[in-house]
Amino acid sequence: MATLFEHFNFVVVIVLMMTGLYVVFASNNMIKKLVGLSVFQTSVFLLYISLGKVVGGQPPIIAEEDLHHAPEAGAGVAKAGADAAHAGAGDVAHGAHEAAEVLYSNPLPHVLILTAIVVGVATLSIGLALVVRTREVYGTIEEDEIDNLDYHKNLEGAAK
Amino acid sequence: MQIMSILPEWILSHGAASIVVIPLMLAVLTALNPNAKLAWATVLGVTALSVFTALGLLIQVMTHGPIHYNMGGWVPPLGIGYYIDGLNAPILLLISGVALLCTIYALPSVAAEVEPKKKGPFYAAFLISFAGLLGMVVTADAFNVFVFLEVSSISTYVLVAMGASRDRRALTSSFNYLIMGSIGATFFVIGIGFLYMQTGTLNMMDIARVLQEIGPGDRVVQLAFAFIVIGLGLKLAMFPLHMWLPGAYAYAPSFFTAFLAATATKAALYLLLRFTFTVFDPSWDYIATALMILLSGMGILGMLAASLQAIFQNDIRRVLAYSSVAQVGYMLLGIGMATTLGLTAGYLHMLNHAMMKGALFIAVGAFWYRFGITQVSDMRGLGKTMPWTMAAFTVAGISLIGVPGTAGFVSKLKLAQAAAENGWWWAIGVIVTTSIMAIIYIGRMIEQAYFQPVPEIDGKPVVRNEAPMAMLIPLWIMAAAALVFGIQTEWSTSLAEAAAHVLDAGPNTLIPGAIDALPDAGGH
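Chains A and B, in that order, are what the protein sequence lines are.
Here the first sequence stands for residues 21 to 180, numbered as in my numbering.
Here the second sequence stands for residues 9 to 532, numbered as in my numbering.
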């Protein structure tokens with residue numbers, strides 16, 4: 021039970037994934053199928069986003085002062101190396117140590133999933149466009165009714 | 009070496025990227041182009057250029073070994089790397105070659121099947137689909153594979169649906185393909201996610217290296233493998249995940265069916281080979297089991313079930329579509345054996361099948377173009393009314409059956425040899441049985457065409473009405489290839505052997521050199 025709560029986001033992913041797949045397979049209505057497909061794909065987005073989470077990590081954004089701080093620290097080290105007796109050397113080393121300890125979440129899965137979201141939107145829009153065309157041609161978007169309308173045409177395809 | 013010197017510099021340095029980027033960029037221009045002829049000319053130019061580039065890349069790979077290309081100069085594993093070796097270079101040439109021939113065929117075919125104002129976008133969608141297939145094959149970045157897979161798939165759904173002006177069932181077929189294809193691609197991307205979870209990288213070479221360190225015992229990697237195989241299985245129409253295929257092949261515009269049948273499943277099959285053999289390690293227990301039970305087993309079932317279904321279809325394109333599922337079964341059987349000979353046979357059948365099915369579907373498109381024929385029973389007298397088209401159809405058909413002297417025979421014989429070498433005698437029985445089934449479903453059409461009288465309209469027999477040259481030329485090039493590769497077997501076999509050699513080396517093909525050449529990214 022504790023494991024379930026520790027991996028709470030994965031539980032959500034699995035539930036969403038199964039719900040989505042079930043809706044795709046079980047529904048007869050083309051739009052409901054697309055909804056199921058979207059839910060299914062969303063579960064994958066969540067899976068990827070969970071991957072990028074580092075426990076205790078902060079958002080992977082380097083603050084501007086840190087950016088300026090880093091080269092200064094480097095220059096400081098160089099200076100310290102040149103002048104070994106310089107009293108500031110200890111402080112600089114401390115600063116560098118502190119900077120290394122900051123944990124960032126992994127941004128890569130988030131970037132990947134942005135691409136996957138775009139792909140998902142494209143798939144959904146093509147799917148909906150097909151639904152619109154199907155409705156224009158058949159007058160229905162229920163798959164069993166479409167099958168009935170095509171019954172005689174499909175019979176021609178089978179052996180006589 | 010002499011051949012190398014005539015290749016232009018840009019192919020040697022940037023061929024790997026340009027083969028994908030040029031079609032993708034020109035697709036935008038083609039979509040905006042109001043002039044259909046000009047759009048067609050663009051596609052023709054692009055595909056011809058791709059054939060040239062693919063040929064150059066193939067020569068380069070064969071003489072100088074694998075090509076590593078870093079997209080935008082970013083070094084993998086941080087950047088996206090493209091990688092071409094003996095396994096994917098022939099597939100690139102195959103896809104480009106089929107695309108070029110189909111484009112020539114498209115001029116009359118698309119004019120008859122697609123509304124004039126939709127032609128520009130139609131050709132643009134084709135270019136995107138083409139670029140997506142090439143991208144899937146050329147990239148060495150696992151997530152990039154998914155992106156290209158979806159690029160090619162989404163444009164394929166559009167193109168299949170364009171067949172609605174001929175038969176409204178194209179809409180529902182396209183919708184089914186969209187649902188199944190998206191589930192397949194999503195399964196694939198889940199697998200990639202799990203791999204990333206365990207390896208922390210997306211570059212195939214890097215994944216292969218880290219997987220070797222992790223070893224075969226890792227549950228998450230096993231799960232990743234399962235998701236990737238099922239996802240790709242959907243894309244390559246592995247029985248019983250093939251339900252989208254007959255509809256998509258039967259109702260797409262005939263130009264696109266020819267292209268789709270010859271290339272789409274091959275690109276997915278290449279990915280299956282790449283992942284199973286070189287990213288994962290085929291010597292691991294669960295992968296060896298999956299190869300033998302899942303791929304060979306499903307291959308065998310697919311051969312039998314789909315051949316049987318093909319016999320009972322009456323729509324010509326549905327017959328050929330079910331036959332395609334059966335032929336994928338042959339390839340999977342060879343791959344599942346995981347021996348050098350089996351892999352050679354499977355790969356060779358991939359190349360040969362593309363030519364045969366391309367020719368068959370082009371011929372069927374020509375029958376429709378001239379006489380509106382879609383049913384087997386309507387093929388009466390075609391031997392007299394369209395003698396050249398029907399002759400090419402017959403050549404490709406007997407090659408599909410596997411008559412000696414044709415390409416189909418060479419690969420089926422290799423497959424039977426591989427089965428014998430493995431001691432799988434029952435598999436030879438299945439190969440022979442399904443070939444007999446092919447005699448039935450192809451023979452039924454040939455019988456109608458040659459041994460039935462020419463149909464009469466208003467009491468007069470239908471006059472001879474041959475397909476236009478733009479259809480006959482690509483048709484005969486493919487049919488002649490099916491004959492030439494049946495007699496002159498060295499070229500195609502040496503390509504297949506080179507590919508099998510790459511696969512034999514397993515993950516080692518990707519690991520050495522590739523990673524050694526990379527600067528140590530961790531140190532900075």
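Bear in mind the hints are in silico, worked out from the structure with no lab data behind them.
In this text, all values refer to a predicted model and were calculated from it rather than measured experimentally.
A few of these clues could be false.
What the hints assert, rightly or not - Derived, one-sided and incomplete: chain A residues facing chain B with beta-carbon distance under 7 Å:
1. K52
2. Q61
3. S125
4. P127
5. L132
6. V139
7. T154
Just so it is clear, CB atoms sit at the ideal spot from N, CA and C, and this is done for glycine as well.
The hints, checked one at a time:
Here the hint on K52 (chain A) is broken, as its CB sits about 11 Å from the closest CB of chain B, past 7 Å. Among the interface hints, the one on Q61 (chain A) holds; its C-beta lies about 6 Å from the nearest C-beta in chain B, closer than the 7 Å criterion. Checking S125 (chain A) against chain B: minimum C-beta separation of about 14 Å lies over 7 Å; hint violated. The beta carbon of P127 (chain A) comes no nearer than 12 Å to any beta carbon in chain B, farther than 7 Å, and the hint placing it at the interface is violated.
This hint holds: L132 (chain A) has a C-beta 5 Å from the nearest C-beta of chain B, less than the 7 Å allowed. The beta carbon of V139 (chain A) is positioned within 7 Å of a beta carbon in chain B (closest approach about 4 Å), and the interface hint is therefore held. At about 5 Å, the closest approach between the beta carbon of T154 (chain A) and any beta carbon in chain B falls short of 7 Å, and the interface hint on this residue holds.
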